[in-house]
Structures are given as C-alpha cells and as structure tokens.
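Undergrad: Heads up: the protein sequence lines correspond to chains A and B, in order. Every letter in the first sequence is one number past the one before it in numbering that gives the first Met the number 0, and letter 9, counting from 1, is 8. Every letter in the second sequence is one number past the one before it in numbering that gives the first Met the number 0, and letter 83, counting from 1, is 82.
There's no promise every hint is true.
Identical chains blur together in the list; that is why a pair holds if it fits in one copy or across any two.
Stated by the list, open to error - When the alpha-carbon atoms are kept at most 27 Å apart in a straight line, the in silico DSS-like pairs for lysine-lysine are as follows:
id, residue 1, residue 2
1, Lys-225, Lys-259
2, Lys-11, Lys-243
3, Lys-1, Lys-130
4, Lys-282, Lys-266
Bear in mind the hints are in silico, worked out from the structure with no lab data behind them. In this text, all values refer to a predicted model and were calculated from it rather than measured experimentally.
2 protein chains.
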Amino acid sequence: MKIIGTGKALPKRLVHSIEIDELLNKEHGWTQKTSGVIQRYFLDPDSESVSTLGAQAAVQALENAGLEANDVDLILSACGTQKQILPGTAVFIQKELGLGDSGKPAFDINATCLSFLVAIDVASMYLESGKYKNILIISADIASVGINHEHPESFSLLGDAAAAIIVNNAGESDNSSLHGFKLSTYGDYSSLCQIRGGGTDLYPTKFDKSNPQPFLFEMDGMNSYKFVSQHLSCFVDSLLSESKQDISSIQHIIPHQASKLGMALVKRQLSIKDDRLVSTLEKYGNTISASIPITLHDAICSGHIRRDDKCLLIGTAAGMSLGGAVITY
Amino acid sequence: MKIIGTGKALPKRLVHSIEIDELLNKEHGWTQKTSGVIQRYFLDPDSESVSTLGAQAAVQALENAGLEANDVDLILSACGTQKQILPGTAVFIQKELGLGDSGKPAFDINATCLSFLVAIDVASMYLESGKYKNILIISADIASVGINHEHPESFSLLGDAAAAIIVNNAGESDNSSLHGFKLSTYGDYSSLCQIRGGGTDLYPTKFDKSNPQPFLFEMDGMNSYKFVSQHLSCFVDSLLSESKQDISSIQHIIPHQASKLGMALVKRQLSIKDDRLVSTLEKYGNTISASIPITLHDAICSGHIRRDDKCLLIGTAAGMSLGGAVITY
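Could you put the whole structure together from the sequences, leaning on the hints where they help?
TA: In structure tokens, the structure reads:
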C-alpha cells in the first residue's frame, strides 16, 4: 500500500482561543494555556458542510496524486459522525466529486477518532485482493455543532476539519507499505466519551430545549486519561511486535491530536524525543477522525515526512478504543 | 469463507397490519394489501435497544456455531442507523456480550440496507489475511423511532429487527465460499430515500416539534422503483459475471425485503421462478440492514437453505446503491 496523495480542507471561520475565553467567561489566555490549542476552525452551516469539506480535501488529494476523480475505484468515508442519519456520508462526497451517477462503490467505516486507521487497513486488503486500484479515504468531522459550551475542557479542544488520502498498490521498487495495524476496543468504557442522543436510543424527536445535554458531547477527561495511561504502552508493544517493527526504526509518530495531556502521555509512555512526535493540535484542535490524516498531510507537505520514512500512526477513540498503524510512506 | 452460525432477535411487541390501518385511518386490510406486510415488530424503548437486540441475535449465532463469546476475534456492526451519535454501535454490542473489557476489535460499517453485504466482503478479506479466525457480523435497525406516521407507504412497510452471523475460513473439504461481491453507488439519487436531519447538517438541537419532518424517514417510492428497474438487470449480470457464476446454478435468491413491488421487480428482471426467491417481508416488514441476514437465518433454520447450496444475496439501499453477493452456504 502506498499513499499517493493527501489533502485537507478547513472551514473559512478561524476561531482564536481568545474567542473561546470570552464565551467561557475565562481570562484571556486560559483556553490556550489549558488546552494547548491556539486556534481552531468552526463550520459556517449556511455555506459549508461535512461533505463539501470532505470533497474539497479529496480534490486536493487527487491533484497531489495526479489523478482525476474518475480514476477513483472506491470511496471510503471514515468519519466519527455523519452528515445525515441516513444514508451514510460517503455517497454525499461521491456526489460532490461529480461521481454521483458513476456507480463507483462508496460506503462508511466508523471507529470514531480511529476511523481513518481502520479504513487504511480495510483499503490495504482491498488493494491486495486486486479488486480496486485507487482508493479514496475521507475523514471529516464537524465537532462544533455538538459542543457543550458549558464544558470548558471539550469546548477549548474541539475543531472542524476534513482530510483525504488516495492509496494504491506500491510498485515493485517502492518501499511504501502498511506494516501492521491493530485495534483494541473496550466497550465497558463507552460512557467516557460520547454523545448519548441522536441515535435510535434517544431519537432527535425527543430533543427538549430545556435539557440539550444528552445531544451534546460529553467527555470524562480524567478517566479517559487514566484508561489510556493503563493501556497505551502495552498496546504499542503489541502493535510493533505484530508489525515486526522496533520503536527505534520509526522516524515519525503521528498521534491522534486528542489533547495536550494525551499527547504528552504518548511521548512519555513511548519514551520518545519531541522531534519525532508531530503535532497540529495548536492550529486545528482535536478534529476527531480528521486529526491523524490532517497531521499526516501537513507533515508530508512541509517535507517533514519524506518517501521511505517509517511512521507510527497512533491514537485513542471514543468507544473506548486504541488503534495504531505502522507505515512506510 | 463459511457461515458457521446465524441468529436473529425481534422486539417483544408484535404489530399487526390492522393496527397500522387504524393509525393511518384506512380500512382494515389496506396496509397488508398495499405493502404485503402482515405483521412487523416495534421496539419498546423502555426495555429494548438496538444493542440488546443485536447482542441477543449474536448470542444465538454463537450458540448455532458452537462458540463462546470469547471465541470471537472481530465484531463488525453493519447497521443502517446508530444507537448514539457517538461512538458507533459495535462497542455497545461488544459490551452487551460481556466482552467490554476484552480489547477485542469492534467497529461499524455502514452502507444502509446493504451494510450486511459490505461487512461480509470485508470479513472475507480479513479471514483470507489470516488476521482473525471468527468474525461476528451484526445487522440491527430500529426503524420505528424515525417513521413518519403520515406517510402510509413507508409506515406500512418498516419494522425493527436484528440478525447476526459468524464467519470463519472454510476448511479444505468445505465448498462454502464467497464467490463474489459488488456494490454500485449513485449519490445523485441520495434524496430518494433518506432522513435529512440528525447528523451534522441539521443537528438534533435544531429539532422543532412544529416541523418534525426533516428528522423522519422520507421515501420517494415511485422514483426509487424507477431507479432500481433501470439498474438492476445490468448490475446482476455484472455481479454474476465477475463472480464467474450463472443464474441457473443459483438455488436461492435472498433479496433485501425492500417492498412487495421491489421484490416482484427482482423476480421479473432476473426471470426467476417464485420458489427460488425467499421472502420474509410478510412477517417482519422491511427491517433495513437486518432484512437480508434475517431472511438468510430463517431459510437456514427451516432447512430451506442447506450446506453447499448456492445463494444470491441482492438488494438496494438508500444512497442509492445496488449490492450483491454470491455465496455457497
């Protein structure tokens, strides 16, 4: 598997942390200091949507790959939330790309913040099977619509974004590869990070303005951190061992941009130096499923990640899940 | 790939079509005559949920396969709608199965009514890769919460249900196999069958009691029928040809139980005799993603489908998509 193009798209509205300070009635500097996020982007619902952003990121990935939309053989939407209850988001991105009458297969994969990594794993199997040549993966999430403005910890952290990649089979002279992928899920911890309502348990028609909370994002930061700190080190050891890789051979670590504390934990538990860990938290916040691919995209575009570099993509997700992939770019 | 166990679960509340007649202010018999549905099941939200039903179906599939929950290596939720906005439904089913602290991977695949077929295709690749031995696929949907009671065509048709299967690698002496799978998506037709609200485009917090319509199921039956009639025959020809199968060698056709008219169209366009087409529409209605696997389960349990029988699983989905798989059971 070879990543032949990447792209990103951000909403037009840039929101500095001072704006959040003011909305939270905190002193200037509180949000940035606490969360490590300097700025994030929030969608304008009148002119933008998850599918327009997703398609915009896809178009950039196609350009970088030197392909036309029509060269894509499979469209995987790998988002943590959906555009509509029904159908999934992939079909809307297909339509935005001008492929809405093409018959090209499009479906959704969802593992919340780890959707992108699961989609890479599924895509690599499709490539190996020879069924598809060029696979487009889009991860896009609009966190801003479900933020609880009275919960400073998550309000200061979340942002909206889209990212996309195109993968195909590596040529014989290419070193590009997916060396391994691992996902570990712990459903007992599903309440640590969730939006309780909006599905069939508490359908939107039950929404009550006097109690919006069940329809807004809930995060138990302390216990999520505790959960991750208990599992991360062992998880990474298994992933590296199953991938037949050693941490010393990894040039870049692209973590899910979960939080400042979460990323510090990755550094500490993996005993890695700062310059191997790539961060975009300060400029985008935590953008759910887009977080890993947008960080990958920026690091590739800036020349930080180069061909043949070995990368560990690693993260946690609501669920709770831990997930990781080792690739040679 | 071999299906080694199947299961189903239905809500406790059985709803006869006469009840729907009364709610719709129609004469007794109208609903059954128009839709072909004699009865369907609606969930009791106080004691049942998509994950309890999904887990119940999974337990039955495990029993049929002679396995314990702990023997499962991967859990794929393949539903058309979700339990909550976040996280996906697979983690909740994992938890219900007592595996919530197991770390066993669990994620969601969504292609609306065709989610089950896409999951079978993904599962077969995982089995071939040797990564997982026993894969549990659950398709469960609770249509009743989003039904528009003022739209007789869809109200008379939809029902709630869950179905599950376990697949593993076929042994050397087994004929069981997935011969081929195909998905064709046409995003230009996404408005034919949808729930517009509830996602990030029209978030649940925008729900307004005076205008619930955007949060309820919408179906343009006539144009959906027209779309399918234009594409089905050609789609099945491609699927069979890519699977290297001939329609005459297929013993059973398990269609998505979309509607009476839709299933008559399958019969006509495939020029098949009635006894090859398996129907459960009359007893469950259209149960979205559960529709194909629950029909498969019933046909296996009744002895109608036997080992080594060749089956065509075929359907359409909101999106719009056409999907099909050819298997030897």
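Undergrad: Would you mind marking each hint as holding or not holding in the structure?
TA: Each hint, compared with the structure:
no.	hint	verdict
1	Lys-225 to Lys-259	within (14 Å within a copy, 53 Å between copies)
2	Lys-11 to Lys-243	neither (43 Å within a copy, 50 Å between copies)
3	Lys-1 to Lys-130	both (16 Å within a copy, 21 Å between copies)
4	Lys-282 to Lys-266	within (19 Å within a copy, 56 Å between copies)
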